[in-house]
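Trainee: Here's the letter readout for the chains.
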Amino acid sequence: MNQDEHPDDSALTAELVDSLAEVAVPERPPLAAITGRGRVHRRRRLAGLAGTGAAALIVLALGLAGVFGAAPGGTGTIQTAAFTLTSYTNGTVSLTLSQLFDPVALQRALARHGIRALVKIGSYCSSSPAAPSPIRLGVLPGASPVPAGTHRRATPGLGNGQGIWQTVTLPVKPSQLAPMVDPISMVINPAAMPSGTELFIGYFDLVQTVVVNLIYTGSHTCSNTQQPPGPP
Amino acid sequence: MSQGNAEFAEFFAASWDPCLRAVAASTGSMTLAEDQVAEAFARAWASWHKVSHHPAPRAWVVRTALNAGASAWHRRSKETALASQDIAAADSQGTGLDTAVFTALRRLPARQREVIVLRVFLDLDIDTTARQLGIAPGTVRAHLSRAMTALRGELVPATITETGR
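Residue numbers (the working numbering), protein chains in the order written: chain R, 9 to 240; chain X, 63 to 227.
Excised from the complex, chain X in its bound form (with noise of 0.2 Å):
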């Protein structure tokens, strides 16, 4: 195996879970979120050479999973997306991402759920998440804001409710 491959083994080894996670959690559908990470993972071994100075590899895979994913959408017909839509429901049952958590953050508009994994899940620094979905700094920040404050509206209530029973 050669260096590339072997560093390419080790970064696949360490990342497909958290990558993993963060798709299906964005898309909620652990089904379709496998085979778009699998696929991101596929573009990253061709071009290893381009993605390995990347200076976040694990961002980059999560969003060409998540863009390969809305190119699919994409193309598919409106009866087909409602009933991937169906399927997604279906198949986050059991995954833990039937949780209240993965419902409200899928609520949220696209870029502010994006800026969620990046910012938060895969841990990127601000201007890192702002390079990654190459909108200012400051607009990551006003994302984040916003996405915290529609999320906190709608799962710390529940939080302080429980714990002052």
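So that you can see chain R by itself, here it is in the shape it has in the complex (with noise of 0.2 Å):
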């Protein structure tokens, strides 16, 4: 507490410190308990196993089911502890996150991959005006906006509950992905991107959403945050 506060917020601050030290609690569970649900992350998070009825509405409200059923096979594949990129021989390619990304080690992987991107971990990148929607482009085939005040309830304190314009914001609940439990999955397609712009991909880890959409490369501006903006 500073001086600009109200000369009763000392005393304010000590009762509801105290009252919260009376607050009767329960005995501590068992450390293995808790290592044994911790395990069940781990698990999920290592086999890439869908493991929750939650997990599927990323998949639907990226409507890639689909997208992933029509795609010939893959005509070459990048590993790693936490994502994976596999090309098609149509041109697109899958990308899987599966934990806590090096966004070097991802953008150079795109690169690779004949992806322009720029990625970010608690940064969120944009142009001015607005680089084209990546959806309506079909950069991202089989993505449809998140549905208006989707993510309002996943992610408390994100914006007004409308969605972000043009971009994508997997749903994305803290149940799934805290810290980045459960794998996502998307589809991109290179050949769609308009000259001179690229793909940005934000992780924000406090919100836990992963923000996808197209920037121009000679004209963007970036800002450290910990949840990206609201729509404009």
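Partial pick of chain R residues on the chain X-facing surface, computed with a CB cut under 10 Å: (1) L20; (2) L24; (3) S27; (4) A29; (5) E30; (6) V33; (7) P34; (8) A41; (9) T43; (10) R45; (11) R47; (12) R50; (13) T233.
These are computed hints drawn from the structure, not numbers from a lab.
Even for Gly, the Cβ is constructed at its ideal location relative to N, Cα and C.
Join the two chains into one complex using the hints; note that each chain is given alone, in its own frame.
Mentor: Here is the structure:
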């Protein structure tokens, strides 16, 4: 508390803290119960299994099931502990993020698959005027914008609940990805990216959200933030 | 036990009670808070290599627990949610969560309540609280000021009346 605050605040703070100290808490569970539950998360992450019904929500939101089904055989794969990139003969590339990733490594891997990209963690990049919607251009085939309100509950405090304009915000709920428990998949069609643009992929740990958008290579700004801004 | 597991065990033993109290105070339900905090600690263990380097691991647990609660809340039907509210009211009895302080706290908007939990209950400084919530320090100050004003309005008059007798 500082000098700008109300003179009663110290007493009030003390009252709050004292009240909290008086709250009776049940006995701490055995450590083994916690680590056992934690192992389930680890297994899901390592095996890349969608272990919860909520994980299916990601696939539904992106509408990817059909895309994967229709994709021809992979022609080249880069797989790390954090992500898997697979090229297909139709020119599309599938990207699966399975845990918190090294942005530089992912950016390089995307480049090797012919995808110009800027990958950041905790930083939001955008162009002004905004680049065209990657969904409308077919850069993210099968993806659809998150319906209004979807991420309002999933990421409290994120914005006005109207969806992030021209971005794909995977409705990654903390229960799925805190921290980055279940994999996130998307299909990218680099041929649909207009000249002079690149793909921005940002991960925001605090709200556990991945944002994918197009930006102009020569004209964009990035700002450090723990959550992406709301729609303009 | 590996060094990481030993560190986690120490963190878990020292942090369970304060984290559970903070989450329970925010949610009003010890039963729900217990499950949410256990889940948050499980996730902390699963990613201990990352959480152990977090500037405020207890805040990570509390935020994860509260977010997990919000997510679970979202999944429930309205009827179930209303039923849960009743459960919350019932299971606050006798835990200390049914005092005027916590009743007033739960009347605050969610963001103001989060600021109180992190800033006051977990004793984080303004900048760390701001980083945790992904908002500017000035916004934290504004939320804190509004929250304290609201709490003062509900709690201080009662105190003054009592002492003035």
